[in-house]
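Protein chains: 4
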Amino acid sequence: MIGIGVIGYGYWGPNLVRNFMNGDVARVIAVSDLDPAKLTASKRLYPGLETTTNFRDLLKNPAVDAVAIATPVHTHYELALAALKAGKHVFVEKPLAETSEQVLHLIEEADRRKLTLMVDHTFLYTPAVQKIRQLVEEQALGDIYYYNGIRASLGLFQSDVNVIWDLAVHDISIIQHIFDQQPIAVSATGTCHVAGTPENMAHVALFFQNNCVAHISVNWLSPVKIRQTLVGGSRKMIVYDDLEPTEKIKVYDKGITVNGSAEKARQLRIGYRAGDMWAPHLAAKEALQTEAEHFIDCLCNGKTPISNGTSGLRVIEILEAASRSIAAQGKPVRLKSNARLKEAAV
Amino acid sequence: MIGIGVIGYGYWGPNLVRNFMNGDVARVIAVSDLDPAKLTASKRLYPGLETTTNFRDLLKNPAVDAVAIATPVHTHYELALAALKAGKHVFVEKPLAETSEQVLHLIEEADRRKLTLMVDHTFLYTPAVQKIRQLVEEQALGDIYYYNGIRASLGLFQSDVNVIWDLAVHDISIIQHIFDQQPIAVSATGTCHVAGTPENMAHVALFFQNNCVAHISVNWLSPVKIRQTLVGGSRKMIVYDDLEPTEKIKVYDKGITVNGSAEKARQLRIGYRAGDMWAPHLAAKEALQTEAEHFIDCLCNGKTPISNGTSGLRVIEILEAASRSIAAQGKPVRLKSNARLKEAAV
Amino acid sequence: MIGIGVIGYGYWGPNLVRNFMNGDVARVIAVSDLDPAKLTASKRLYPGLETTTNFRDLLKNPAVDAVAIATPVHTHYELALAALKAGKHVFVEKPLAETSEQVLHLIEEADRRKLTLMVDHTFLYTPAVQKIRQLVEEQALGDIYYYNGIRASLGLFQSDVNVIWDLAVHDISIIQHIFDQQPIAVSATGTCHVAGTPENMAHVALFFQNNCVAHISVNWLSPVKIRQTLVGGSRKMIVYDDLEPTEKIKVYDKGITVNGSAEKARQLRIGYRAGDMWAPHLAAKEALQTEAEHFIDCLCNGKTPISNGTSGLRVIEILEAASRSIAAQGKPVRLKSNARLKEAAV
Amino acid sequence: MIGIGVIGYGYWGPNLVRNFMNGDVARVIAVSDLDPAKLTASKRLYPGLETTTNFRDLLKNPAVDAVAIATPVHTHYELALAALKAGKHVFVEKPLAETSEQVLHLIEEADRRKLTLMVDHTFLYTPAVQKIRQLVEEQALGDIYYYNGIRASLGLFQSDVNVIWDLAVHDISIIQHIFDQQPIAVSATGTCHVAGTPENMAHVALFFQNNCVAHISVNWLSPVKIRQTLVGGSRKMIVYDDLEPTEKIKVYDKGITVNGSAEKARQLRIGYRAGDMWAPHLAAKEALQTEAEHFIDCLCNGKTPISNGTSGLRVIEILEAASRSIAAQGKPVRLKSNARLKEAAV
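Chains as they are written, first to last, in this note's numbering: chain A, 53 to 398; chain B, 53 to 398; chain C, 53 to 398; chain D, 53 to 398.
Since copy identity is lost for identical chains, a pair holds within one copy or between any two.
The list that follows gives simulated cross-link-like pairs (lysine-lysine, DSS-like), each with its CA atoms no further than 27 Å apart: (1) K137 - K112; (2) K355 - K337; (3) K137 - K166.
Hints were generated in silico from the structure; no laboratory data involved.
Using the sequences and the accompanying hints, generate a full structural model.
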């Protein structure tokens with residue numbers, strides 16, 4: 053039986069406890085939070101839990117094999133590093149840390165100690181994103197032309213990270229997962245409408261080789277909730293609406309046909325092709341449950357997590373580049389080709 | 053009775069003829085098109101029309117007081133200039149011309165001859181945009197935070213202009229019309245997925261004073277048609293969906309409240325306010341009919357059109373700046389404050 | 053060239069003229085209407101048309117091979133009978149006449165003279181209904197369990213027929229067309245909310261053999277327009293929404309599975325099966341164009357129309373039975389098995 | 053502190069426990085269920101609960117002031133009667149019992165002992181239904197013309213009650229609550245598509261005085277989930293869609309205007325009036341929480357519950373009449389004017 057300790061029992065922590073409790077192989081044995089009231093709440097639901105206001109108690113506990121961290125972003129690095137140094141496997145809520153440098157340290161520390169480091173990019177474990185990835189891998193879409201995502205709603209304004217670190221991070225991790233290539237540059241714009249708070253609205257463009265492009269629109273100040281993504285390919289195109297209760301993914305057999313040669317552009321004939329639409333049935337399994345099982349499976353069987361430190365690193369690098377571009381009103385920022393990533397891919 | 057000549061009887065020309073025919077004050081008397089088959093089609097519907105393959109016949113005709121031009125973009129300047137020089141009032145399909153320099157010449161020519169020059173920004177005459185403008189003017193939204201528009205569908209790829217000159221032009225003219233200030237810079241990205249054709253997908257950010265921002269997403273290669281715009285204000289927010297058959301505009305009494313001072317950002321308390329939604333009844337009148345009547349009214353009564361040469365010029369200047377930014381992958385381009393516009397405003 | 057005469061140039065007549073004009077084989081040569089202003093309007097669009105306020109002029113005209121009737125319901129019988137007696141093929145707007153007795157006379161007259169009698173059940177010629185019929189015929193749905201249709205909107209109140217003769221007639225003709233059996237009884241309820249006018253809201257249940265059932269809800273006094281139909285089968289189920297711009301038909305691979313025997317009902321295990329959804333691409337062709345071509349094809353090649361007098365008769369018989377049931381607050385009314393229909397089926 | 057015992061910890065029971073636990077005034081102290089595994093589950097969440105497989109233990113427990121019953125329908129009467137005889141207040145899941153005779157006994161027993169008897173018609177406590185009732189009471193809709201409700205989804209087939217006792221019961225209780233009059237007759241049709249099971253699809257029409265009518269369509273075998281209700285009035289009309297996440301109620305300022313007198317029906321001029329749509333903000337409070345608080349409030353302060361025995365009785369009488377009408381294929385069944393109800397109203 054794998055023992056799990058959870059650090060942070062605020063908004064996301066209870067979900068972690070519930071899902072890590074669910075399995076036959078692992079069990080949450082201890083929870084820490086600075087707020088004793090939250091610990092009391094946790095004990096009401098799970099009387100057998102050990103609780104503490106000092107996370108170091110978890111790290112000292114030999115029954116704890118792994119810790120899951122669900123605390124404010126600015127504490128991720130310190131907590132994760134301490135856990136690794138204490139010999140614990142680590143599962144961290146997104147984003148993995150505040151800087152890519154911090155992430156690199158965590159990766160190195162985990163590698164050195166042969167510990168598993170996983171970042172909680174929950175969307176990668178949803179049936180919807182898994183289906184999109186499968187369709188892309190099977191070449192069902194043909195050449196990928198673009199990813200165009202919108203995440204908008206009213207709230208929740210955060211005080212320590214801006215809207216791209218809160219919302220665009222989801223899309224960036226999804227794009228990482230379904231595309232088989234890395235972006236080479238990013239251009240982003242963002243605006244803050246409340247003095248003294250981070251940007252609450254932003255648009256991020258990621259440039260890839262071969263005219264493939266991704267665009268992400270995020271907004272904390274929208275009157276309606278929107279979670280809509282288009283993925284366009286040369287053969288088929290997908291509309292992914294995460295707010296649809298069942299038909300989250302619609303695959304359109306639509307596209308264009310081109311006659312003539314690019315040299316004689318004015319004579320190009322563009323044809324429009326419209327075929328059936330198909331909404332594949334998706335399993336109803338909770339993504340966090342799938343993800344928790346995957347973490348445990350990686351611990352037990354020495355596998356590398358899908359959302360490992362290296363993929364978390366790339367997400368942070370893109371967020372950092374986007375932040376620099378926002379500061380320069382959209383000026384493009386090159387992304388270094390990442391040697392570490394290439395190794396990881398080998 | 054005002055006599056109208058229509059140059060170009062392709063996609064948009066028949067709509068112009070139908071709407072300019074409708075009035076009691078004006079009447080279409082002649083149509084020109086290079087394609088005789090189209091002229092035959094026009095005569096089948098309107099047997100009394102004079103038709104010609106040479107637009108100069110219209111300009112020579114003393115019964116023609118004004119010409120409406122619905123031809124490919126690259127011919128707008130030459131045709132409009134010839135019409136003005138022939139003493140005709142001019143109504144031109146959007147965009148007004150290919151360059152701001154051309155537009156300046158047209159404005160000067162029209163001014164010198166005391167002729168009316170109007171550009172067909174049809175959306176300004178829709179009941180939906182008129183209602184949004186009214187709400188903004190009445191301060192119902194409070195401070196305007198943002199405009200966020202999406203226009204996407206499959207087709208129609210054009211060979212001489214890219215997607216921002218075809219689609220974003222609508223949003224830019226709307227933004228011009230409903231905001232009481234001019235953008236100061238633009239950042240845009242765009243992609244071409246078919247070698248030899250113009251960009252078929254683009255995102256344009258317009259920066260204003262006071263953290264007000266506009267963002268436009270346009271796409272010729274979308275599996276679904278989308279015409280959705282959010283306008284966010286400090287008091288209320290609007291969702292404008294042009295594909296809704298009746299409730300095109302929804303006004304949300306939603307927003308945030310801020311407690312605390314910007315100096316102590318970490319202590320800021322953001323509150324969320326959710327009230328009623330309201331969809332004002334909109335008249336069903338066809339926008340082009342309203343616009344045609346407005347053009348005739350301007351001719352007869354010496355008024356300046358809402359979508360006059362000067363507002364058409366500003367749209368072109370923004371499109372030119374956006375094109376330069378696209379070429380530089382989002383690098384921001386400053387917009388000169390336009391002396392001419394200021395005069396016009398006085 | 054088949055010569056067509058159109059009687060009635062009010063709401064539907066112009067559509068008939070436009071679509072019968074469209075072909076290479078047939079042509080509208082004359083139009084009659086009691087209102088000279090409408091005749092003037094028709095000549096403006098089609099200068100070559102002969103026009104008259106006396107429909108008998110059409111019947112005398114030897115160039116007129118067939119007449120299409122688009123007049124108020126209470127005139128259908130007299131006009132159609134006169135046209136048949138004058139040796140003209142006849143195409144009549146729905147419903148075919150006011151009583152089944154009248155329809156029988158028309159059928160007999162047409163049979164005796166070997167003339168084509170067709171009723172304009174436009175929906176049968178829509179790509180959507182054609183696709184549903186194809187899926188039913190291919191047994192894709194399995195056993196048909198039910199048809200459940202809603203037609204609601206604000207208006208148009210009619211003065212001579214109630215809402216079932218105006219709206220439910222569409223569903224009844226569709227049900228006739230896609231089911232391979234006839235209803236055996238009908239129960240209907242209806243209400244009139246404006247004194248002195250016919251029922252503006254009604255519900256009609258049609259009972260078939262084998263527990264198959266159809267239900268139709270119609271409403272002239274709805275705040276929103278609804279055109280939604282469910283067709284349930286043992287293998288698949290269809291949602292048909294006629295207001296959807298493109299995906300009018302969605303086929304759901306959903307249903308139940310039953311384990312256990314009916315004798316031990318309390319031990320029956322019902323399972324629920326959920327699979328993919330599929331929206332077949334539908335052609336964009338206008339139904340009335342398809343229908344007009346079908347009428348001409350029947351004339352030229354001696355074929356029997358899909359919506360012939362006999363199918364029109366059955367629709368009227370069902371409407372009559374439903375009217376009797378409405379008068380008795382839902383009391384079921386048996387439908388005679390129709391000997392004539394059986395012959396037609398042989 | 054009011055002590056609550058809950059009988060039945062299956063699908064609905066856990067919701068009852070959670071909501072009755074929530075208050076400061078009441079507390080669930082014991083739970084009974086025939087299945088020990090369910091009791092174990094309840095203890096895991098609420099370690100302090102007493103649990104038993106014998107409901108009589110709850111009735112004997114002097115700390116239990118009231119019982120909430122969430123068991124199969126056929127057990128309601130026996131359990132509720134035993135609880136009342138043991139001096140406990142009673143809260144019963146809908147429908148209150150299997151027959152109106154049983155309900156009458158329960159009402160008499162409760163009255164005799166001055167105990168509160170309440171039936172769990174949860175929808176009456178939703179913010180949406182409360183808002184509709186308020187609008188009706190304020191005469192905002194004008195004269196009420198109709199209620200038209202649809203409840204459809206795939207499952208859950210029940211073995212002891214048919215679809216009207218499971219789903220239409222909600223609409224009947226809502227109609228009771230928002231209309232200020234009682235139906236005078238009912239016509240219903242229903243179909244069973246699985247031999248050996250109760251009807252899984254039905255339509256129920258309720259006739260009121262003054263041409264007011266209600267119609268309910270329920271379906272366990274629909275490919276899509278539908279929860280849509282129209283309420284039509286002479287002044288305004290409501291669309292209530294319970295699946296909408298936030299804008300569940302839309303109020304349309306639409307209707308008809310009538311000119312002319314009913315005597316000269318053919319000359320009646322019907323006008324159509326279209327105004328704004330308005331979606332009032334609704335509180336997000338869980339209905340069962342409101343309902344639980346109301347039950348406790350009635351106990352403590354001697355109030356009569358909104359969904360008391362008498363209103364539960366009328367719902368059962370309508371269900372019984374509808375069942376008889378279904379058996380007779382829609383033949384209308386008169387509803388006796390209920391002397392008891394009149395007393396209750398006085």
